[in-house]
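These protein sequences, in sequence, are chains H, F, Z, Y, U and E.
Mapped onto the UniProt record's numbering, the consecutive letters of the first sequence carry residue numbers 1 to 332.
Mapped onto the UniProt record's numbering, the consecutive letters of the second sequence carry residue numbers 1 to 332.
Mapped onto the UniProt record's numbering, the consecutive letters of the third sequence carry residue numbers 1 to 332.
Mapped onto the UniProt record's numbering, the consecutive letters of the fourth sequence carry residue numbers 1 to 332.
Mapped onto the UniProt record's numbering, the consecutive letters of the fifth sequence carry residue numbers 1 to 332.
Mapped onto the UniProt record's numbering, the consecutive letters of the sixth sequence carry residue numbers 1 to 332.
Accuracy of the hints is not assured; some may be wrong.
Chain Z is faced by these chain Y residues, among others (derived, beta-carbon under 8 Å) [as the list claims (entries may be wrong)]:
| hint | residue |
| --- | --- |
| 1 | Glu67 |
| 2 | Arg70 |
| 3 | Arg71 |
| 4 | Asn73 |
Not close to chain F: a few residues of chain H, all C-beta gaps over 12 Å, as computed [claimed, not checked]:
| hint | residue |
| --- | --- |
| 5 | Ser141 |
| 6 | Lys259 |
| 7 | Ser288 |
Within a straight-line C-alpha distance of at most 30 Å, the following computed DSBU-like cross-link-like pairs (lysine-lysine) qualify [as the list claims (entries may be wrong)]:
| hint | chain 1 | residue 1 | chain 2 | residue 2 |
| --- | --- | --- | --- | --- |
| 8 | H | Lys171 | U | Lys81 |
| 9 | F | Lys188 | F | Lys219 |
| 10 | Y | Lys208 | Y | Lys253 |
| 11 | Y | Lys3 | Z | Lys3 |
| 12 | E | Lys259 | E | Lys196 |
| 13 | F | Lys77 | Y | Lys101 |
| 14 | Y | Lys81 | F | Lys171 |
| 15 | E | Lys234 | E | Lys171 |
| 16 | E | Lys77 | H | Lys3 |
Treat the hints as calculated values from the structure; they're not laboratory data.
Backbone N, C-alpha and C fix where the C-beta goes; we use that ideal spot for every residue, glycine too.
Number of protein chains: 6
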Amino acid sequence: MAKVVTLGEIMLRLSTRAGTRLQRSESLFAHYGGGEANVAVSLANYGHEVYFASKIPDNSLGSGVVEHLRRSNVSTKFLLKGGERLGTYYVESGIGERSSKVLYDRAYSSFAQITENEWAELGLFEGVDIFHVSGITPALSSSWRALTLELITTAKKAGCKISFDINFRSKLWTQKEAAETLQVILPKVDYCSAGKLDALYLMGIEEKEQADLMYYYEKIQALYPNLTAIYSTKRVVHSSDVNDLTGTLWLDKQYFESKMHELDFIIDRVGGGDAFAGGILHALLTMSNGQDMVDFATAAAALKHTVYGDDNQFSAIEVEEFMNSNSSKIIR
Amino acid sequence: MAKVVTLGEIMLRLSTRAGTRLQRSESLFAHYGGGEANVAVSLANYGHEVYFASKIPDNSLGSGVVEHLRRSNVSTKFLLKGGERLGTYYVESGIGERSSKVLYDRAYSSFAQITENEWAELGLFEGVDIFHVSGITPALSSSWRALTLELITTAKKAGCKISFDINFRSKLWTQKEAAETLQVILPKVDYCSAGKLDALYLMGIEEKEQADLMYYYEKIQALYPNLTAIYSTKRVVHSSDVNDLTGTLWLDKQYFESKMHELDFIIDRVGGGDAFAGGILHALLTMSNGQDMVDFATAAAALKHTVYGDDNQFSAIEVEEFMNSNSSKIIR
Amino acid sequence: MAKVVTLGEIMLRLSTRAGTRLQRSESLFAHYGGGEANVAVSLANYGHEVYFASKIPDNSLGSGVVEHLRRSNVSTKFLLKGGERLGTYYVESGIGERSSKVLYDRAYSSFAQITENEWAELGLFEGVDIFHVSGITPALSSSWRALTLELITTAKKAGCKISFDINFRSKLWTQKEAAETLQVILPKVDYCSAGKLDALYLMGIEEKEQADLMYYYEKIQALYPNLTAIYSTKRVVHSSDVNDLTGTLWLDKQYFESKMHELDFIIDRVGGGDAFAGGILHALLTMSNGQDMVDFATAAAALKHTVYGDDNQFSAIEVEEFMNSNSSKIIR
Amino acid sequence: MAKVVTLGEIMLRLSTRAGTRLQRSESLFAHYGGGEANVAVSLANYGHEVYFASKIPDNSLGSGVVEHLRRSNVSTKFLLKGGERLGTYYVESGIGERSSKVLYDRAYSSFAQITENEWAELGLFEGVDIFHVSGITPALSSSWRALTLELITTAKKAGCKISFDINFRSKLWTQKEAAETLQVILPKVDYCSAGKLDALYLMGIEEKEQADLMYYYEKIQALYPNLTAIYSTKRVVHSSDVNDLTGTLWLDKQYFESKMHELDFIIDRVGGGDAFAGGILHALLTMSNGQDMVDFATAAAALKHTVYGDDNQFSAIEVEEFMNSNSSKIIR
Amino acid sequence: MAKVVTLGEIMLRLSTRAGTRLQRSESLFAHYGGGEANVAVSLANYGHEVYFASKIPDNSLGSGVVEHLRRSNVSTKFLLKGGERLGTYYVESGIGERSSKVLYDRAYSSFAQITENEWAELGLFEGVDIFHVSGITPALSSSWRALTLELITTAKKAGCKISFDINFRSKLWTQKEAAETLQVILPKVDYCSAGKLDALYLMGIEEKEQADLMYYYEKIQALYPNLTAIYSTKRVVHSSDVNDLTGTLWLDKQYFESKMHELDFIIDRVGGGDAFAGGILHALLTMSNGQDMVDFATAAAALKHTVYGDDNQFSAIEVEEFMNSNSSKIIR
Amino acid sequence: MAKVVTLGEIMLRLSTRAGTRLQRSESLFAHYGGGEANVAVSLANYGHEVYFASKIPDNSLGSGVVEHLRRSNVSTKFLLKGGERLGTYYVESGIGERSSKVLYDRAYSSFAQITENEWAELGLFEGVDIFHVSGITPALSSSWRALTLELITTAKKAGCKISFDINFRSKLWTQKEAAETLQVILPKVDYCSAGKLDALYLMGIEEKEQADLMYYYEKIQALYPNLTAIYSTKRVVHSSDVNDLTGTLWLDKQYFESKMHELDFIIDRVGGGDAFAGGILHALLTMSNGQDMVDFATAAAALKHTVYGDDNQFSAIEVEEFMNSNSSKIIR
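Can you make the complete structure from the sequences, with help from the hints?
Listed below in structure tokens is the structure:
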């Protein structure tokens, strides 16, 4: 099994019961999650040795984060304590035609206010196979833009594969800022989660009518030949509770696509993309066949939609059993 | 913004958790609602000055009604206190093929036992643009039959537009009684919610094979040329939790129909028609285009199905954002 | 109305809230049920005089069983008390593509440890019209294999019709053991629930391509001409919450099939087959037409999927109203 | 074991979660209960053959009543169906210094609207040892005043002991009306639940300073020498959740008093008096010693305060174990 | 009835179920509250015309605040919208010996970031009888220190009585900062909530052994002769759920003390002091007798402890009924 | 910090909501716990390196155990997988005078069926400071009687201090069996939890009237001079929710007693003794003063009563803060 470090912000999510507006909710469900933390949990579930690096306040919500990670067997060795607050966000759960609505309250968080490499003396990348980070982190501040690059560079030097999930968030930075940052980051990346919109608006690739993801993956790799794997999911949104999900993977200049999963009924969509990324990384570490890889990762992402919480809660064996069953019969 | 009075009965609804029979329920959800109250809430959400006129007992359930209305910014100035009881009704929530089942316990309520105009000295219609009432009110008693007519006549004289929702309930009166009452009420009405069954059984319009609502609206208006707007929804019931909903409107002798909304999954269907009526009234007050009107009202009705409770809980801006979004993606 | 005895094990079911894994559940829903107990409840709902024979420990969980049965008007006259424990099982509720997962903890139960006819002196079959038992009972132990046969033989002599639901469970015994037991039991049976897989693997009937159930029923009856009714449901599983269900019945050498019920959304699938069996037995006791019989039983099974718990909670009148309604409109 | 009939009204109770006002409650707990029904449940728990006679509407709430009684092994043979509605009442649960507040909505109920003996042809009193009724029943209407007397007279003739719980409710009738009715009923009663206030205000007994219940019991019996047992509880209310409870009994001209039970914390006080009455009747039927009787009944009443719902849910053995344990240690 | 303006911060409170640690909570209860908002709700309940001035973000949590206030009949006319976030705080509910623990996350809130009088043009004090503010507001920032004084001065000029609740919070400012601010504010105040610790540490009054509050009130008034009423509660904390509460009032140079309320069991202590302040202000506006005043206010504060939420939810009539009842008997 | 191994059975606890009988519970709370596991969690909370050795089935309930332990930072390195089932037990939560009632269903568990040292090759005691086990383990079977002794002997040889909690359970073995086993185990023990009843009935020490624990500790040590620490709590049970708890410790021939904690209101008493034991072990490892030790351990035990679940959920710092606070004031 591999040794993996993921680094990013983790937040408290407060979400409504479906059918209740946020402003009228008398109680809210509490979950902890964040893109890189969710990937960490997936990989720990699959048996890898995983570390989640972040910074949390030294209070009860910080303890909530620690217990969440420990329960999933993610090491908190690189989880720093300090700063003012844990970022929070509120989800008014959508249903049917009505979308889920996210309200962020993440400014001034312990993690966002980091301005220099606080893990410098801690041996963060020693013996590490993969370092995973997402585009949310450089979006948090100009300090974080520099720091993300520095961390990636250091990891690369230490021999890590660099995994990067673009995850563009327009509320955090502009397309221009993101594009400029990607230009310096992507040349150092090995595995990248990117989609068509990223290609068009953040990498300047021209749109081609009716082209599918294979086309854009090829173009992306032409720009960044260092990328050995590019991946993302295609999602057809029928309603908040019914989506079709298909995984795609560009590997060794070949394009792979999973079977389509009809997600009906969706319990909780948050973290679906992270479950896919976690599945791809596990597959890259343990499998040889691109089709197997994308099938595994998509099955993992599909399963994530069936449970509350940001994180995938299934072992590799459970994901495989799920892939191989052809019906939803009761398993007795 | 306009000034609107709606008048009718408001009740306590006690409903089951889906999947549990009423007789085995260890707890019941409590909501307050009624057709005219629900329309009042919709219009208050859209920024109008709205008054709900009714009568409730001077007890804790009456206070529940007051708090419900105040929270939604509906004025309780014309909410009389007195009488014996608040009407209640029980809903055994349906699911899949099984329908929801309603059990009324509304006899002897404070409102039903009104026998004369108790608002006579209160200036109920001063400066009011629209007076909205439904066919449930005259169905409550013979006193209410006379009183409804009297109120409409007074409102008309005071310069109000009269809005009337036929809302025939066979448990309260016969088709014959309803038809006779409508004959005296409808000549005074400006905006009327009526459907095909109303046309056939309450207005004596002959059925025409394969005719759609446009045909019946035209016939209704021929009978009552005073009606400037006639509207209702078409609902295809696939199951208790999956319906297709299309709004229709006859305005200035023109027929408009909204796009069809696929309601899947339905949280709570009660009050869907009232949300449509509220949307139409708002649209009549603020828009010029029939298509815009019916689109807004149908979107409002569709949104109502996504929340628990009898009332629409969305502002005009939220309804418009919903209309303009073309997917159920997470709104971050 | 008829007098019916059903005999079998009843267990405590502990199930998760949909969307939560069993290992992370902070609370579990508790229901009591078992195949034969569920059939007993159905028949009691339909107005028959029903006795459920079993053995439960003399503790609070045993009392839970007693209260469950009494509430549904099933007599506990033949419910013995003693032994060590009540069998339990855990259900991790599936959703969408993910199946429900059952974890049994039923070994060493009071019922399973019975080794001889403990009802011998109690007049179990006096005046009884139908004795119903399932293939789970002989699967519990070799003692139960002998005892089941003995009970059936005694019942037969006492003039009961014998109803037998094959209900093969591979975790309890092998196909070979089951087949040998069926060979001695089935010649005594009148009404049998059996499907294609039973025909193939437990009765040695050869598969015929594209043959439907009619073909297998005919073959089964050729083997066991004593069977006057053979029945089962065909289920197409679209997802854990969406199934299509069709009932089938072989009666007097004729094949009947119900209309297909689209079960969307399924609340709880456990006990669906028992509700079908209960419906068939009621129909055999009270109806003359095979089509009516299978329609009633399938409607009963469809309704079961709309409520939590193992047992059908609808009266014969409610099942019939459900059959005759053609939509899921609100019933006011 | 004895055969007992109790007769009276049963209602749906809707109560709040402690700490929540009724008008703001988003859900309410549902229980079924009524004085005589609660006594019936107690006696059925203790192993007697018990019938509860009443009238309920033929709807889902009526079914709720039936299931409630069946679960507790009370026969519904004399439970008539018909009429308009089931009485309901709302309880805003008190806590600490704040009292529970009851809001009745019981007028026009199926039971209250009975005007003649609808059980006349049903053999209500055949072989019955005790007929139990309370002062709430004659308070419901003038018809019920006559009918209660008629039923008691008939029962008496059939050889029943008459048990009567005065249970004066000032919202239903005046002290004068009650006093007049008691004057004709009490001469026929054998066992009577009555307290000091009943003696003073309904029987015209003069107050004597510092006299305890013994004094009043003696005076009551002087008035009605036919009374062989008079009983009630003394309750010191420290707060809504902390009461001291002592049972008292006048039997064969002797006064007995139980040890004082410190009820802290009280879960649900509704039905405490009925549990005491049920305990006394069981004790009269099965014990010989007055002290044992009052100890058993008070223990039963104390236990009732530890469970939600109107009814005592403990067997005679459990009551006795509770009496004999001298601590609240965990029972392993 | 009077016209009252209260001004301050309002926050979202997220609190645990008693018995569950914050870090392990899977759901949290949501309430909106703040000292001045809670006083506003109390006074609105008592029938006054009340305005709550504050600033909230223009998002769903802001809407939650608006609905909370409207439901309680507090005008939102002076509730500004804008800024970044709504302050939140978390309460890990204590039980028994364990205290409740509060975790604030209030920095950077819309209200805290106000730097100048944003109500200047809105006629905030027109016709207002009382302006109420607390010491939390000047503690928020140096801007707020200046602004609080400015608002008080303006209100004073407009003819308002000034009500000030010292409410010292050591996490927001030092004793020295508070003392300096009080020195300029208190000379303008009419009604002041202050206790012994305020006297000692914020006003420099010397401690006198065994002196009770009367002594300190006298000293405070010697310093600030403008104060016509000084008040606070004495609380003996037996445990998190059992407190004794006594109200005290210094009025017209006389000392009044309420009877002691034994609060057992406490549902929610947050807002108890605000309920007392609200009671005092109502009493000052409507009563003439100091003893009546302090009795009313203490009863209101005691009642607050029996409901969830920050605000008192009882009308003046309910408070008075509570004062006059001498037991916690069920009110039927 | 020290390295500690605890070994024993861990079970699934299913408990009722207070006020609901087990047989009527529609849902049950789920917790994992066991004496030695609870001690492990306490010590991990206090910062020690802790291993819990046990055996669990390889199913979802086993996974529940793993996640429970990981969340609390207890190593699962010695947690074997295999066997048939996880022991379960049901708790009907007591309230007021009514005791909690425990129903065990633990026979045939994976742990109970162990017959030989399955950790033999795993280095269970390498570098371990304390090995903790309880008297429940040898009570499970005669194999376990031998095996417990073998493990203790091996641990002793490896240099571990032996910690033993007598924890006699009459449902598992007789006093005679226990006494015989203790005679061979106690001579090897260093720290022992034992009370007066253990002294009398399991060690044959004679009762001395009015003697307190000091007397019995002295006698116990006379028998087993190897015991360096003997400890237990004295509990006065006022009701299920109100207990007084005092800790006692015999250390170096000196007797120490903590202040008495008034536990009112108790949330969950299960695991209180284990929290005391965990506190003593931590104190023995880190403190020098007997009084400090017993104060810490008793505070830890008191805190445990304020949270749901079997395990203490407080850090050493939190326990100390709790000891040093003298009231239950809100901590802001």
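In rising order, the numbers of the hints this structure does not comply with: The structure breaks none of the hints.
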